[in-house]
Amino acid sequence: MAGDGDDSDLRGELERLRRENDDLKRILYSQGTGSDMAAGSGQEADAPRDDAHLSIIVIGASGDLAKKKTYPALLALYNAKLLPSNVDVIGYARTSISAADFRSHITSKRVPEADQQEFLARCTYQRGSYDDASAFTELSEFCSKLEHGFRHANRLFYFAIPPNVFVTSARNIRLSCMSTTGWNRIVVEKPFGSDFASAAKLGASLRQYFTEEHLFRIDHYLGKEMVQNLSTLRFANSIFEPVWNRDHIELVMITFKENIGTAGRGGYFDKFGIIRDVMQNHLTQILSLVAMEQPVSLNAEDVRNEKVKVLRCIAPVTLDNLVVGQYTGHGGTPGYLDDPGVPPESLTPTYAMAVVFIKNNRWDGVPFILKCGKALDANKTEIRIQFRKPPGDLYHHMEAAPNELVVRVQPDEAIYMKMNTKEPGLTFEKLHHTELDLTYKKRFDHIRAGLPDAYERLILDVVRGDRSLFVRDDELLAAWSIFTPTLARLERDRIPPIPYRFGSRGPPQADQLAARLGFKRNVGYKYNVTH
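Those letters in the sequence shown? Residues 0 to 530, per numbering that gives the first Met the number 0, in order.
Derived lysine-lysine pairs resembling DSBU-like cross-links, with alpha carbons at most 30 Å apart:
id: 1; residue 1: Lys519; residue 2: Lys256
id: 2; residue 1: Lys379; residue 2: Lys67
id: 3; residue 1: Lys421; residue 2: Lys388
Everything labelled a hint here was simulated from the structure, so no lab data went into it.
Based on the sequences and whatever the hints tell you, model everything.
The structure is reproduced here in structure tokens:
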């Protein structure tokens, strides 16, 4: 495992990258490409302008990510009149495809055709290679024709492409496709590297062409309603702050469960595994919002500064505090190794539980348990904050269950507090475990049809220039520093994952580790979202 020297190297690298970024910012600003420097750095989000045109260029428009996530989100935003009225969406990819076939490719099957026509009329397609500078020049010329007559031309480049072509595309945009009369913003999808070194290298490569202010790294979990609600829950309600610390909280468990396997994408998943795919990004981002100190303001940089501070207080995960598993077949359902895209000797984890500790005054000694896996017994993401027993504990003889604050991220978004009450009746023989319940679909009538997709919120924030829900470079590296040493150890020593049955809770060793840390599982309790 990483020693003190390794840790100081990581911290030094973070500081060096921040200085590099500041130098590059000054250089680009002096070259006249700093039109986006102010947005999201203390000022209010951009307001729409009648004399401005917006070109949204989807790089990799013919792929699955664009089809399933990017274009549906843009359609929803357009129909809700949240995009500027002067907007065009230009698809760019290597695939040779006719205008009619592309239109069919991006047409949503979930929205009536009549409700898509106006949006689709604004969608076009340009074919070109990611490493062809002349093709990007042609793309820029095409955008310029759409922008003709407008005083300001803003361009949003959405990278729905594999990471191996991020830098090539960024270079060609910088050299051949930048707007000179408005802002330029680059949206980058994960994965952002596979460990600390590769993430740092990717960041340094992108910074050759763009400053941090141009880059929007998407972690779509930050766009989910209940994740956004964490700061409101904590800092807009005076009842929580006095008990939000090690004196009152026993432990925090952040859980991501999928009840499906990797069928259809096993080959892709095997390159990363569950720690890289879910834990290092989604769960660590949630952890930072749960554990951070109150920011100076809701300004993007103030929030991200606090997230970085708390992540830098976390030591790398040790093998003693890690359980990894891999699902096996059950009842006719194939196991992970049965996936035709997965190597037969693969040791890639499909399940992981890691315990981290935050070395600061608020959280010292409190276990944060991060748990994620595929092919499990449920499909849900939740944050479970388990409180300590009350001093004196008058009801110890009645087996009082611990208080818990639960934030259900998905599905059936909810916040509920589990508490003990007297069992109704003339006698007082036992306690009843119940909850104070805020289930969103019951409380907010206007969201019964469902909350907006996370991608809708995130793309809208890019257009507005609000960086609050995007991952900054030092934040990304601080997260990688927590997991890189153990990932290297797992792979170097070829540590085998523990087999667990498809549809189970995962390896029993994970529950045993959680129990040793003080987690109390209320086996008989079931939260009912329909009552």
